[in-house]
Every structure is written in structure tokens, then in C-alpha cells.
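Engineer: Heads up: the sequence shown is residues 33 to 143, going by this note's numbering.
Calculated directly from the structure, the hints in this document are not laboratory data.
Nothing here was measured: the structure is a model prediction, and the numbers come from that model.
It is possible that some hints are incorrect.
In silico BS3-like links for lysine-lysine, alpha-carbon gap of 27 angstroms or less [as the list claims (entries may be wrong)]:
id	residue 1	residue 2
1	K66	K51
2	K126	K54
3	K112	K126
4	K103	K86
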Amino acid sequence: MIELNFLIDDYIDEFKQTKLYKDYYEITELVQTKYKDKTKELVDLKNKFDEVMKIGKFHPDFKEVASNYQKIRNDYYQNKDIVLQRELEAKLQKNINNFIKTITNKISEHI
């Protein structure tokens with residue numbers, strides 16, 4: 033099991049040196065700073081939308097809130113930086129899942 037810990041530590045160190053990780057980290061930093069206000073606006077609208085949805089389409093503000101939320105959400109997620117971040121995130125997740133599969137196989141050898 034100690035060798036498994038070493039394998040994990042080595043993987044993390046190597047993973048942090050990959051271009052994919054560095055690109056993801058860089059774009060995430062950019063998104064968190066450059067789009068901070070847009071992200072907050074989207075979260076606030078999502079919360080307002082969730083409140084309206086508790087009552088449903090019969091809420092007096094439903095149409096306005098739903099329309100505004102959909103517009104802001106679409107604009108946000110169509111932004112090229114956000115699209116790139118999400119693509120890199122999906123690739124990172126795939127790599128991490130592959131590593132977890134490797135760990136699982138290593139563990140199952142010892143069971």
C-alpha cells in the first residue's frame with residue numbers, strides 16, 4: 033500500500049507539470065478575476081430563479097426572471113474564455129478518471 037501512496041504522489045507532481053493543468057489553472061485564474069462580476073450576477077440570478085421556481089410558472093415574476101436568467105446564462109456560457117475553461121476541465125476530469133481507474137486496478141490486485 034505504501035507504493036500506492038508513492039504512485040499517487042508522483043502522479044500529482046507530474047500532473048501539475050502538464051500543459052493541460054497549467055492551461056486550465058491559467059484560464060481559471062483569468063475567469064475568476066476578469067468575469068468575477070458576471071459570475072456573481074449569474075449566481076444571484078440563479079438564486080432568484082430558484083426562488084421563483086418554488087412557486088412555478090404561476091409566480092408573478094416567472095416570465096421576467098426566467099427570461100433574464102436564460103439570457104445571462106447563455107451569454108456567460110458562450111463566452112470564449114468560459115468555453116475554453118469548460119473544455120479543459122472536461123479533459124482534466126477524463127485524465128483524473130483514468131488515473132482513478134489505474135489506482136482501482138492496483139488496489140484490486142491486493143484484495
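Engineer: Now, for every hint given, state plainly whether the structure supports it.
Structural biologist: Hints versus structure:
With a C-alpha separation of about 22 angstroms, the suggested pairing of K66 with K51 holds against the 27 angstroms cut-off. Between K126 and K54 the CA atoms are separated by roughly 16 angstroms; this keeps the pair inside 27 angstroms, and the hint holds. Proximity of K112 to K126 is assessed by CA-CA distance (about 21 angstroms); at most 27 angstroms being required, the pair is judged to hold. Restraint check for K103 and K86: satisfied, since their Cα atoms lie roughly 20 angstroms apart, inside the 27 angstroms limit.
Taken one by one, the earlier hints all hold for this structure without exception.
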